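These protein sequence lines are chains A and B, in that order. Start counting the first sequence at 14; every next residue gets the next number (the working numbering). Start counting the second sequence at 98; every next residue gets the next number (the working numbering).
Note that these hints are calculated values from the structure, not bench results. Predicted, not measured: the structure shown is a model, and the values here were computed from it. Just to be clear, a hint being listed does not mean it is correct.
Here are the computed lysine-lysine pairs in the BS3-like style, where the Cα-Cα straight-line distance is at most 27 Å [as the list claims (entries may be wrong)]:
{"no.": "1", "chain 1": "A", "residue 1": "K247", "chain 2": "A", "residue 2": "K321"}
{"no.": "2", "chain 1": "A", "residue 1": "K293", "chain 2": "B", "residue 2": "K254"}
{"no.": "3", "chain 1": "A", "residue 1": "K293", "chain 2": "B", "residue 2": "K214"}
{"no.": "4", "chain 1": "A", "residue 1": "K293", "chain 2": "B", "residue 2": "K169"}
{"no.": "5", "chain 1": "B", "residue 1": "K195", "chain 2": "A", "residue 2": "K91"}
{"no.": "6", "chain 1": "B", "residue 1": "K129", "chain 2": "A", "residue 2": "K303"}
{"no.": "7", "chain 1": "A", "residue 1": "K303", "chain 2": "B", "residue 2": "K195"}
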Amino acid sequence: MSFKYLPKEKAQDFLSELLKTGIEINAPHKKGEKFYTFEKVTDPSEVVFDYVRTILPPKKYFLPQTESLVEYDLPVTKVESKIDSKPRILFGVHPCDLKGIFLLNKAFSDKNLDSNFVERSKQTIIIGIDCVPDDNCFCTSVGTVIPKNEYFDIFLTDIGNGYLINIATEKGEELIKGISFIRNATDGEIQLRDEFVDRKNNMCKNKMDVPLSELPLIFSGVYNSHVWEENGEKCVACGRCNLVCPTCYCFDVIDKMNLKLNEGQRIRQWDSCHLEDFTKVATGEVFREKKSSRDRHRFYRKFYYLSKYSPSFCVGCGRCGLECLADIEIVETVNRLSKEYNGTSSKV
Amino acid sequence: MNNNLISTNNSSIYVPEIATIKSVNQLTDFEKLFEIELKSGRLGHKPGQFVQVEIFGVGEAPISVSSPPNSKANTFELCVRRVGNVTSALHQLTEGSKIGIRGPYGTFFNVAEMKGKDILFVAGGIGYAPLRSAINYVLAEEERKNYGKITILYGVKTPSDFLFQNEINELRNRKDIDFFDTVDKADANWQGHVGVITTLFPKINIDTNNTMTIICGPPIMYKFVLLECRSIQIPENNIVMSLERKMKCGVGKCGHCQINGLYCCQEGPVFDYSRIKEMEEAL
């Protein structure tokens, strides 16, 4: 909707202004020597503007690791849905994670709308920030270098002495309105942003050998590839990749009683398709018994099964490859698959 | 608890309706039949669909509806084998107990489209439970005339494993259907056929081009039954089957029931064979 300019020396003041709204802000903080995490902002000086990636993606603010969906009394007379949600500003989200939030929104607001997710999404104002990729990032291969305006309310790009602010929604306009040190951007400043994006398009060293548009074709033909066996032999089925993924959203649902035995909850918690029990039915059958088939399943969810939402459900953040105990990495795997693909392999 | 919790009554797809168990019948050592009543009236299911059954304080499990949609009663029936923690807890419950019900969910045996056709039912073990919804529908007095020849194959491990013994006895004696049953292992009193379910196929006499085949049983059974279907040249497009998966949410989100790219709770549990035959994860 409009472009503004925020001088760098006023960056912390900007956050202080946002804090004055009384809305909780969550932003990247440093954790230990080399890690970053999204945390609640209490002191704007602790917020990190230039980081590469957080340990967990910001999906935790939309799909918490654990949450109550339904609560009831025991013996039951009343069952109620529970949605733990409040207004929130999510600050400092990178383009890959913005796309991740967008994709989760699609999956949860599709047929059978998930009101817990959607309610949180409605109450969240998203402020993205541009970034410089490291050796694990591969946003250039999956089309997440620059976010579409529908992925955020406000988006900041570092253009040297300050940030170019791209305001995409009325919620965003409302938030910025009245902050004295934010002024309209000049054409030259918008030009600087465009030049940065051009440079960023060539920044990732970690690159897929094939364009995004060809991935569906490749995945339609590599279902029986030996690549899955190779990955399966290395994989330890720990599920870390699922947990750190901005777009893994499979979950488990369990019931819990309180100790007084007069109340119960249905609880949703993160789950992992890499765990053997994920497909286990009561009679004991497991429908993806081999680690290779579970590894393949995750890849197919990223590049094939969910293509109705997007050509790639992988957003190129690099977290899973970095966290993998067995060094299974998305780009390297896709490149091996594409090498093998010659149009003769088996179909899904 | 924090004060940000929003309480709502029915806005969430995860909230079950409280239902009452009207009666419980022990069918075998491991299976019971539960008659369930919803305050809101009829369940409004189609044959082959399932509900999510909530045992408050314990958990939820997907269970196929066993009664036909055209039953006289307002209630519906669930035939449940005691095997996991939820079904074990359900087996402890008695008449008057409250449970939660979500659904009905999933695809169904399209008995409306099968009108005018012959139907071959192939049920193995507890697989009879979901098929019963369709069998009792088409055999109901007002519907029977709409269907051609009805053939039912039903196999269980031992004679004491037959579900719905009284109904099965009636089916054995019905003149307007072909009913064949078998046990894997006989006991001293068993006079009938012995052998796995595929050994019943030589007995059947069907017009393969006009027959819809509906299969439900343990995972091991399908491929052998499909081989028989192929050998008597039942067209693949005339075969439907119901598959078991661990539905955690029932609404196409949680991912547990996924068969390759298909969510079994949404695009199943009833599938056309031709749709899933190339999916490695189907069986």
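Numbers of the earlier hints that this structure fails to satisfy, in rising order: Hints 1, 3, 4, 6, 7 contradicted; others consistent.
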